[in-house]
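Number of protein chains: 4
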Amino acid sequence: MSTFGKLFRVTTYGESHCASVGAIVDWMPSSTGLELTAQDIQVQLSRRRPGQSDLTTPRNEKDLHGVTLGTPIGLLVKNEDQRPHDYTETDLYPRPSHADYTYLEKYGVKASSGGGRSSARETIGRVAAGAIAEKYLKTVYGIEIVAFVSSVGKIHLPALLAPPSLAKLLATISREEVDKHPTRCPHQTTAEKMTQRIIRAKDASDSIGGTVTCVIRNVPSGLGEPVFDKFEAELGHAMLSIPATKAFEIGSGFRGTEVPGSKHNDAFVRRPDGSLGTKTNWSGGVQGGITNGEDIYFRIGFKSPATISQQQETAQYDGTSGTLAARGRHDPCVVPRAVPIVEAMAAIVVLDQLLQQDARKAAASRLPPIKTLPPTMVMPKKL
Amino acid sequence: MSTFGKLFRVTTYGESHCASVGAIVDWMPSSTGLELTAQDIQVQLSRRRPGQSDLTTPRNEKDLHGVTLGTPIGLLVKNEDQRPHDYTETDLYPRPSHADYTYLEKYGVKASSGGGRSSARETIGRVAAGAIAEKYLKTVYGIEIVAFVSSVGKIHLPALLAPPSLAKLLATISREEVDKHPTRCPHQTTAEKMTQRIIRAKDASDSIGGTVTCVIRNVPSGLGEPVFDKFEAELGHAMLSIPATKAFEIGSGFRGTEVPGSKHNDAFVRRPDGSLGTKTNWSGGVQGGITNGEDIYFRIGFKSPATISQQQETAQYDGTSGTLAARGRHDPCVVPRAVPIVEAMAAIVVLDQLLQQDARKAAASRLPPIKTLPPTMVMPKKL
Amino acid sequence: MSTFGKLFRVTTYGESHCASVGAIVDWMPSSTGLELTAQDIQVQLSRRRPGQSDLTTPRNEKDLHGVTLGTPIGLLVKNEDQRPHDYTETDLYPRPSHADYTYLEKYGVKASSGGGRSSARETIGRVAAGAIAEKYLKTVYGIEIVAFVSSVGKIHLPALLAPPSLAKLLATISREEVDKHPTRCPHQTTAEKMTQRIIRAKDASDSIGGTVTCVIRNVPSGLGEPVFDKFEAELGHAMLSIPATKAFEIGSGFRGTEVPGSKHNDAFVRRPDGSLGTKTNWSGGVQGGITNGEDIYFRIGFKSPATISQQQETAQYDGTSGTLAARGRHDPCVVPRAVPIVEAMAAIVVLDQLLQQDARKAAASRLPPIKTLPPTMVMPKKL
Amino acid sequence: MSTFGKLFRVTTYGESHCASVGAIVDWMPSSTGLELTAQDIQVQLSRRRPGQSDLTTPRNEKDLHGVTLGTPIGLLVKNEDQRPHDYTETDLYPRPSHADYTYLEKYGVKASSGGGRSSARETIGRVAAGAIAEKYLKTVYGIEIVAFVSSVGKIHLPALLAPPSLAKLLATISREEVDKHPTRCPHQTTAEKMTQRIIRAKDASDSIGGTVTCVIRNVPSGLGEPVFDKFEAELGHAMLSIPATKAFEIGSGFRGTEVPGSKHNDAFVRRPDGSLGTKTNWSGGVQGGITNGEDIYFRIGFKSPATISQQQETAQYDGTSGTLAARGRHDPCVVPRAVPIVEAMAAIVVLDQLLQQDARKAAASRLPPIKTLPPTMVMPKKL
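Chains as they are written, first to last, in the numbering used here: chain A, 1 to 383; chain B, 1 to 383; chain C, 1 to 383; chain D, 1 to 383.
If you are wondering where the hints come from, they were derived from the structure by calculation, not from laboratory data. Where hints are given, some of them may not hold.
Identical chains blur together in the list; that is why a pair holds if it fits in one copy or across any two.
DSBU-like, lysine-lysine: derived pairs with alpha carbons at most 35 Å apart [as the list claims (entries may be wrong)]:
# : residue 1 : residue 2
1 : Lys202    : Lys6
2 : Lys202    : Lys263
3 : Lys279    : Lys78
4 : Lys279    : Lys168
5 : Lys168    : Lys78
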C-alpha cells in the first residue's frame, strides 16, 4: 500500500523521472490550530537534497492563514529534472541489486525510469509529512528527534561502542551539531575518516554503505500496542520501508543478546519529579512493546548504493550474459542524506501512536472508579 | 491492534494466567478446499512448548470433514495452568525490563498476571495461525520455512560468518536437522557450547539472549509492496512483534553496510529453467522491497530474559527503592522455543503478500496488450 | 473481511451448523476498569434467540474479577444444535434468494450447512460485542440505544408517518416497552395487526419482511469523519452488513427528499444548558457526516425470509429446472429478533467513532492557542 | 479517514475555497499497461460541473506515454474560484443543516470557507478516481455503470414503480440517453416535470431534493465479503459518504419488505450460456452479500440543499436567536450533478471488490483437488 499509519496517515505518489511527487497527510491534530508554514517543511526537504525539492504547493497557505485545520493536507513537489530516458543499455540489463528486475516481476511492465516507486524521490513526500508531524510533537511535548551517521563502511562512531558515552551523546545531540560536518557524523575526527572513506569509494567508481542512529527524546510513556503493533515493530516497519535499508535494531539490539539478564535488566529509579525512570536504558525506551518515557534510540543499516560507475558482469533480461557498462557519476554514499528521512519516519510513527494512546486514555479516563477493584489491580500512588 | 495482515489476517486474544488464548484466522484460501487437520497445527504448538499448548477446538474438524472453506477459522487453547496470583511482592515492584510498568502506564490498570498481553502465551495463537498458512504455502508452492538458533550469548554458529557456508546451510537446512539438538542449533559442536552457556546462566540464577536465523525457500518473485509495505518492512514488523526481540536484519544486514557496492551487488545469471537468478544473495531475496525468487533469510535478536532468579536492586511502583527478591526457576534462555514462533510469523507474512500479489497479477492479466507500448516498456522475452 | 471497526474492532468467526461461533473484541476502553459480567452480554443474546445462545466462555471472568483490562476479549458460544447435514435435496438445488449459489461462486466450495457465514448464527458474536460496547456507552455517556419493529409487510407503525409523534416516540421509547409485545412493536394495536400478518404468512407457508427503526440518544456532537467515513456512512455499512437487509435511511430519509429545503432545514435554538440544538431534527442527528448532539435515528429494511415452507419452481445447480420441495417449519418473519442485532451494530459504530474523536480532541486540546488567529476562525463564546 | 477502499484505494484532500483539490489513486491494475488519458477522466469531471474542474496534472502523462504502471496516480484540480471569504454574517451564524456547526464541534476551528471537507468540491477527486477505475472495468469486463435521476421532489420516474418496466430500463439505459435532458432523467415527460419543479423551487428561493438510481451491468458473480463487508454494505457506505445523501436501498429495497417471500424469492433459471441466472431480480444482484451476476441496482436519496436564498430564523453560534439573511443564488437541486459522483463511487467499490476476489480465486485455484471431499461439497458440473 502507499499509505502508512493508522490514525496519522501519510499517502504518497510519484517516482523518479515523473512530473511531480507528493503526499496527502491525514489526521493532523488541530484545535484553535497549529501554525504551520512552508518553511517548517522546507527545512527538512533541503537537508534531504538542497535545491532539488522545493515545496511548491503547501495546500492552503494563503487562504487558511498558515493554520492547520485537522483536515488532510496535500503536498506537491515538482520534478525539475524530468529528463527523457536515454540509456539504451539499461533497456537490456536489469541493474544488479536494483529494483529493475523485481518491479518487472511484480508489475509486468518495465518502468523506463528505473527503480520506479522505490526511487529515492518518493521519500520527498515522507520528509514533508514528517516535518508536519514533528511540528506538533515539538510544540506539544517538546519531543526532539535527532538522527546522525554512526558508521560509513567499517568506520564507526566510537561512542556507540561504550554505553555511558552513548547515553551522553543521545541525551544531548542536536541537529545543528549533526549538520556541522557534511557527513552528518557528530564526532569530527570520525567524520573526517568517513569523508576519506567516501572519497576512496568515489575514486574507485565504487560505493559504500553505513548506519544511521536516531534518538527520540521526551516521548510520553504508554505508546505502542502490546501485540502486533508494538512501538518497536511499527518503528522497524517504518525504517525498513526506507530505500536501501537492510537492518534495524532498538536499544541494545544485536549486541544486547550477548549481555546476561542480570546486567541487561533496566532497574527502576525514582526520578526527581516522582515518576519512575530506569538506571540504564538497554531497552531503548520500550518494554513489552510500549514506551517507558526513557530516550528511544535505534540504529538502521543502509547497504552500499547499487549504482556504481564501473563495469559489471551480469545477465541481460533475456538471460544473455554480458557486461553492463560503467555509467555516469553517482552518489557513492547515501547515509548523510538519509538522516532527515529517518527523522521523518520516526516522527510519523510517534504521532500515529500518540493519537492511538490519546484515544485509549481519553476514553478510559471517563470511566468512574470501581469500588470493588481488588487491591492488586489498583494503580499505586506516587510517593 | 490485535490483528496482523491485510488479506490473510490473524487476530489473537489472551494473555498469561487467563482461561484460554486463541485466534481467528481470516482469508485462508480454499477451492475444493485444503485438507487441514488439528495435527497440522499441533506439531508446531508442541515445538513451541511440549505438552502445554494442546489445541482443543479446531473449529470445524468434524462437521466440515477437515476441509478449509475460505471462511474464518477459530482457534482455542485452554490454559491448564491458571493459578491464582500469589506473588505479593510483585504487587509492589514493577519487574525490571518487564512490561509491568509500561502496561500500567498504558492501561492504567495493573494486570495481576504480569506482562499481560506481552506474555509468551499470546504467541500460541500466532503459532497455530502460522501452521495453517504454512500448509497452504507448502502445498501450493513447496515453500519451506526453517528457523534455527544462530547464537546464544557470544557463541555464534560459525557458518554465519562465512558467506559460502552460510549459503549452503540455508539451501539445505531442515526442521528435522534443527530439532536434533535441544538448543535447535544445527551445528552439533556449537550446540553443545550453547548448552553449556545456558547451564552457566541457569547456575548463576541469570539468563542469556541469542539470535534466531530463518530461511524461506521457494518464494515466488514479485511479492511485497514498493513503498511502505516492502516485503522486508512487513517481515521486520512481524518479527519485532515477537516478545523480547530487539533487532532484525535481512540478507547481509548490518555487516553488509561495510561491503562496497561492487562486491555487494548481486549480479544476475541465467538459471537452468531460463529465468534470472543472482550469483550471490547479499540482498537476502528482496530488492527494492520486492522478492526476487532467491532464498529469503533474516536474523532476529532476542534479549536475555528479564525474569531471573536473583535479587535485584530496583524501585517500587511508588518510588521507594528496595530489593526485589529472587523468584522461582525460570527459563534462562528462550531462543530455542522462539524458533516455531519465527516460522509462524514468516508464514503469515508470505501468505498475506502472496494474496496481495495474486490480486494484482490476476487483475492485470485480464488487460489486453497495448499495441502502442514503447519498446522500452515491453517485457523482454526469455531466451 | 471478518473485522469491523477502526479502533474498537470486532472480529467474528463461525457459521451455521459448526461447533461454535465467537468473536474477539479489541480496544475496549479501560482505566481502573469497567465491571463487565457475563450477564451484561447474556441479556442481549437472549433477546436475539432465547435459550439458544448461551455465552460459555466470557474469557476472564474469574481470574480478572469481571473487570475489563483494555486488552482483547474472546467470546465463544457453543452450538448445541450441530446436527449432521441431512437434506439431500439442497445438494442439488441452490435455494432461491439464499446465499447457496453466490457462496459457491465465491469460494468454489459448497458449504453443506447452507448459507455458511451469512447465517444468522454469525450475528451472535456481534450481539455479544455490541453489549460490551454498550456497557461503556451507557456508563460514561448515558447513551441509550433502542430499536423496535416499525413495520411488518404493509403494516406500519403510525407514529413514523407524522414527524411530531415520531419525535416524541424516539425521545422516550425504552427496551422494556419494546419487549412488552413479542413483535417488538411499541404500539399495541399495530403490534396485534403485525402478529396477525405474521400468522397469515405462516399459515400460507410463506414469509414476510419488515423494518426496524432505531434511536440513539445522548451521543456527543463531533463524531464521524467528514469524507468517506461519515457517521451515517459507517452506520449504513454496519446495518447493511446484517443478513437480509436491503435498505437504510437516516433522519428524514427517502421521504425527506420530497420536502423543500426551507422546511427541511433544522434551524438552531439555544438549549437550556447554553449549547446549540435544533428545532426540528430532519437530519437525524448528523450534518455533514458529523453528529450534532440530537437524537440519531434510522430505519432498516429487512426482506422477507427466503426460507419458506412451500414448493418453488427453480433450477438445480446444473441448470435442470425442477421443483424444490417444501421444507420444515421456519421463522416467517425475522424482524423482531433483528432488534438486538441492530442495537449491537449501532453500539459498535458509536464506540468506534467515539474513540476516534477522543484521539482528535485529546491531541488538539494540548496545542497552545494561536495569537494570530483571524477572528473568523475563532470559536465563538457561548452566551 | 480520507481514504476509501481496501486494495483499490482512493485518498482525497481539499475543500471549498482552497487552492486545489486532489486525490491519490493506489493499486490501479496494470500489466503491459492500460492506456489512460486525461480525457478519460475529464469526461466525467465535466459531467460533474462543466468548465470548473479541469484536470491539470494527470501525473505522468508525457513521460509514461499515458500508460498506467500499477503505481499510485496523483491527481490535482486547481481551484480557479478561490475567493477570499467575504460573508461576515456566516461568521456569526452556523447555517442550518450545513456542516458549519458540526465541524466546529469536531475540529474546534471554524473553517471560514463553510462546509470545509464536506464541500462538494471534494468530490472532484472521487470522480477522477472513479473514471480511472471505470476504464479498467469497461476494458476488461465490459462493466457498464449508469446512474440517472429517478425523482425530484414528489415527481418520480414512472418506471420505478413497475418491476417489469424497471427491469427493461435498467437493462438498456445509457449515459448518452441520460444526458439528453439537463435533469438527467431518462423519461422526457417526467424530466420536463422535474424541470418545472426545480424552477418552482428557484423562484421561491427554495430548494428541492431527489433520488438517483444506478445500475451496474456485467459484474461477475462472487464479489463481496460474507460478513461485515458485504457488497451492498460497501456500496451503501460509499453512497452515504456522498454529501447530502440520507438513504440507500438495493434491489427491492424498502418496498420489498412488503412483498411475501414466495413472490420476492428470485428463482433460478438456466441462462443460454449454461450458467445460472434468476427469473426475477428483487435481490438487485446480491445474495448473502455476494454478487450473483445479475444487474446490480440501487437508489440513493439526496436531501434538499441546505443553502437557500431566503431568510431563516435560527440561532447564532453564541445562542442569540436572529435572522440569517437571504444569500446569493444557489443551485436549487443537486441531483443531476450527483449522477457522475454516484457512478464514480460505484466504480471504486466494484474494482476494490474485484481485486479482493481475484486474490481469493487465484490463491484457491492453485490448490490441488482433494480426493476425499464428500460429495455434498463438490461443485456440481454445468449441464
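Hint check results:
no.: 1; hint: Lys202 x Lys6; verdict: neither (41 Å within a copy, 42 Å between copies)
no.: 2; hint: Lys202 x Lys263; verdict: between (43 Å within a copy, 15 Å between copies)
no.: 3; hint: Lys279 x Lys78; verdict: neither (49 Å within a copy, 39 Å between copies)
no.: 4; hint: Lys279 x Lys168; verdict: within (13 Å within a copy, 44 Å between copies)
no.: 5; hint: Lys168 x Lys78; verdict: neither (41 Å within a copy, 48 Å between copies)
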